[in-house]
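Novice: Residue strings, one per chain:
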Amino acid sequence: MTDLGAYVIETQNLTKKYNNFLAVDGLNLRIKRGEVFGFLGPNGAGKTTSIKMMVGLLKPTEGGVLIEGEEIESVEKGKIGVCPQDLVIWGGLTCEENIALIGDMYEVPRNVLKEGIKQLLRDLILSDKTKTLASQLSGGMKRRLNLAMALIHDPEIVVLDEPSAGLDPQSRLVLWEYIHSLSKEKGKTIILTTHLMEEADRLSDRIAIMDHGKLLVLDTPESLKKKIGRGDVVEIQLSNPEMNEKVVSLMRSMEGIEEVKEIKGKVNVRAFDAVSKLPGMIRSIEEMGVSIVDTSIRRNTLEDVFIHLTGRGLRE
Amino acid sequence: MKFVSIATKGIKETVRDRKGLAMLLVFPMAFMLVFGFAFGGTEGENTPHEIAVLNYDTSTVLYHNNTTEQMNFGNNFTQLLKELKYEDSDVHLFHLNNVSEERAEDMLSDRDIVCIVIIPANFSNAMRAVINDTVRTEITSNIGEMMVGMNVTGWNATTGTYYFDIENNTLYLDGEPVNTTSFGFESYPANYRLPVVENITAELIIKGDTGYIGFGMAQSILSGILEQYENEVRSKAKEEVSGYFDAAEQIPNDFVYRKVKGIAGTESFTTFDYQAPGIIVFALLLLVVGVAGTLAGEVEHGTLERLKITKMKSFDLLFGTLIPWALIAIAQVFILFLVAIAMGYHWQGGITNIALAIAIGIIGGISSISLGLLVAAFSRSEKHAENLGMLVAVPMSFLVGAFFTLPRAVIGDFWGKTFQAYDVLPWTHTVNALRSVLTFGSGLGDVVYDITMMIILTVILFVLGVICFSKTRLRAEE
Chain P
1 MTDLGAYVIE
11 TQNLTKKYNN
21 FLAVDGLNLR
31 IKRGEVFGFL
41 GPNGAGKTTS
51 IKMMVGLLKP
61 TEGGVLIEGE
71 EIESVEKGKI
81 GVCPQDLVIW
91 GGLTCEENIA
101 LIGDMYEVPR
111 NVLKEGIKQL
121 LRDLILSDKT
131 KTLASQLSGG
141 MKRRLNLAMA
151 LIHDPEIVVL
161 DEPSAGLDPQ
171 SRLVLWEYIH
181 SLSKEKGKTI
191 ILTTHLMEEA
201 DRLSDRIAIM
211 DHGKLLVLDT
221 PESLKKKIGR
231 GDVVEIQLSN
241 PEMNEKVVSL
251 MRSMEGIEEV
261 KEIKGKVNVR
271 AFDAVSKLPG
281 MIRSIEEMGV
291 SIVDTSIRRN
301 TLEDVFIHLT
311 GRGLRE
Chain W
1001 MKFVSIATKG
1011 IKETVRDRKG
1021 LAMLLVFPMA
1031 FMLVFGFAFG
1041 GTEGENTPHE
1051 IAVLNYDTST
1061 VLYHNNTTEQ
1071 MNFGNNFTQL
1081 LKELKYEDSD
1091 VHLFHLNNVS
1101 EERAEDMLSD
1111 RDIVCIVIIP
1121 ANFSNAMRAV
1131 INDTVRTEIT
1141 SNIGEMMVGM
1151 NVTGWNATTG
1161 TYYFDIENNT
1171 LYLDGEPVNT
1181 TSFGFESYPA
1191 NYRLPVVENI
1201 TAELIIKGDT
1211 GYIGFGMAQS
1221 ILSGILEQYE
1231 NEVRSKAKEE
1241 VSGYFDAAEQ
1251 IPNDFVYRKV
1261 KGIAGTESFT
1271 TFDYQAPGII
1281 VFALLLLVVG
1291 VAGTLAGEVE
1301 HGTLERLKIT
1311 KMKSFDLLFG
1321 TLIPWALIAI
1331 AQVFILFLVA
1341 IAMGYHWQGG
1351 ITNIALAIAI
1361 GIIGGISSIS
1371 LGLLVAAFSR
1381 SEKHAENLGM
1391 LVAVPMSFLV
1401 GAFFTLPRAV
1411 IGDFWGKTFQ
1421 AYDVLPWTHT
1431 VNALRSVLTF
1441 GSGLGDVVYD
1451 ITMMIILTVI
1461 LFVLGVICFS
1471 KTRLRAEE
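Protein chains in written order, with my numbering: chain P, 1 to 316; chain W, 1001 to 1478.
Simulated from the structure, these hints should not be mistaken for lab results.
Hints are not guaranteed to be accurate.
As the list claims (entries may be wrong) - Here are some, though not all, of the chain P residues that point toward chain W, as calculated from beta-carbon distances under 10 angstroms:
#, residue
1, Leu57
2, Gly92
3, Ile102
4, Met243
In this text, a Cβ means the ideal position worked out from N, Cα and C, and glycines have one as well.
Using the sequences plus the hints, can you model the full thing?
Specialist: What follows is the structure in structure tokens.
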């Protein structure tokens, strides 16, 4: 039996239709308390529409959203913090004033608010910009301020819509570490949408990939990489290249091997979870009396999974 | 109080956006300077105001000293209007057209005359009541003064409460009648009776087109003359009574004292005097652009969506937005008023008029803010809202008669006033009220109708704006 208390958000047949266009098609999801839930999909897949319905900004055509078992419409505002994809800040206010305004709107008590602002600015490395107008910040600083404004009321659930878009590697690392600490140290449930596969892979406990409004797959990053895509590729260089053809035949006869080809004098073997199969491959080749000069492995990536599921065609 | 935080945010953003603030304040100021330069210097020549006087006064009888006198104050007042002249000039203030009521109405419609003065049947009786009231007040206060002057201790050292029963001509001490001889009351006229003051109110009507500058000027001058006329009658009665108090039989037989004096509002008016309050209203109407742009900007930049998911209510956003713009409205009225004066605007009244003008400006500003809400509700972006706002505000300023007199478009009569098509717009009343208060020096009583209409229309517009904006922008998207 499923422990319902473990799930913070549940979508039930969540559907959104715009005239004849089906933006979200019967989405059923359960997001666990304290997990980082990666939400992936190409442009126009229905991610943002789904998230807008999940936070109560958009009314579903059918279905509904439950937050801790309660319908989203009746959930107390403040349970969710949203960091939008765009930089949603007031350029004419200082960093401190931007955060304070949102804090006031969430009715955060004055003394808590004051401390909260200090803490957030410190954690997001913006302390020296406290009194700086938001319009005068760099792109990375604005994005960190954008995040701070989503967190000032200490929400249980944090929705981060492409939080690191346009950030330099240093700023991205700061942000990733902070998101990680939010989840692992502060126990926040985080819904993360991103186009950066590395980000999703590094931060997410589970990943949902959707396209054309439908949920295609939902699993941990590791499981996805083991099951979906073109698999890992093992490159084997033999001491005697004349034996390549025989080795190719041998590999093709082995179980769990997806494809074997000779490319530029090397044997390329494609298989899921190739790491676990590699000792068996080496043993079989050596039993043929052929020695191996070099081997390398290229793991199946989340990007491979994503491309495999959603195709290579451009979207807008 | 979340609306305070929203208002504070709005004020900070407005003050820090110097270019935007300059546009809001400098643009109308430039208008005022240009209009002042173009129209302020051309002093108009004094010409009589064309009016018609319909005197329905039935006269009254004045009694005193066992004699009676038939008196028609209506005729007296009409004669006064005929004789009045501009200050330091030989030009008469009014030219009275001797016509029937029907003909007067036609002339008014054709603007051959600027107004009709209707003197009611009980005008003389009301004036008699004014005289009697003055006489009674004067006599009783004199008796009071006499009693204060009495040497009580010189009689029998008794102290206590004294009062004098006028009807019975008896002095009382602590409720008991006393011998008045010792107090020197022998000379008090035993047969004296105080005049009875009748409860009469006469309504002199000044009828005309409230949106027409000619009417505005004439009604302002006429109101001043009527007030002065009543004051003169009162002061003459007072002067005569107090001067001859101890000899009652010498109460005067000529109550109406007439003196022609220059009064406020008879200086030469320029076109700019008419336009200056209109330019203030034009500036207030430009708030539509600012409010619509700001709110549409909040939508476009996603900040409204950010606020929507918080605990903020529609009231907090809309009231919080209203406050900084109302402050801008106050600043606009005040600054433009000063610029207008610098450009030669002949304003009337005192500090009360300025305070009243600011209050009118705030209501007009709220009307514009409400219209801004409506514009923002149907705009796709900040730029779109600003363009749409400009498209609405500029023609609207002409429609409400901010710059030029409008042709008549009568719908009917309402609350004793001629209601025109333009009167459905609150700013028409803002223009009328500001002109009355600043150009003609009228007081609150003279602009009650316009202020009431402004408030009613503003409330309707605000409710409409709130409903539309809330429905399109503040609810969860469909």
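Novice: Run the structure past the numbered hints and jot down the numbers of the failing ones, going up.
Specialist: 4
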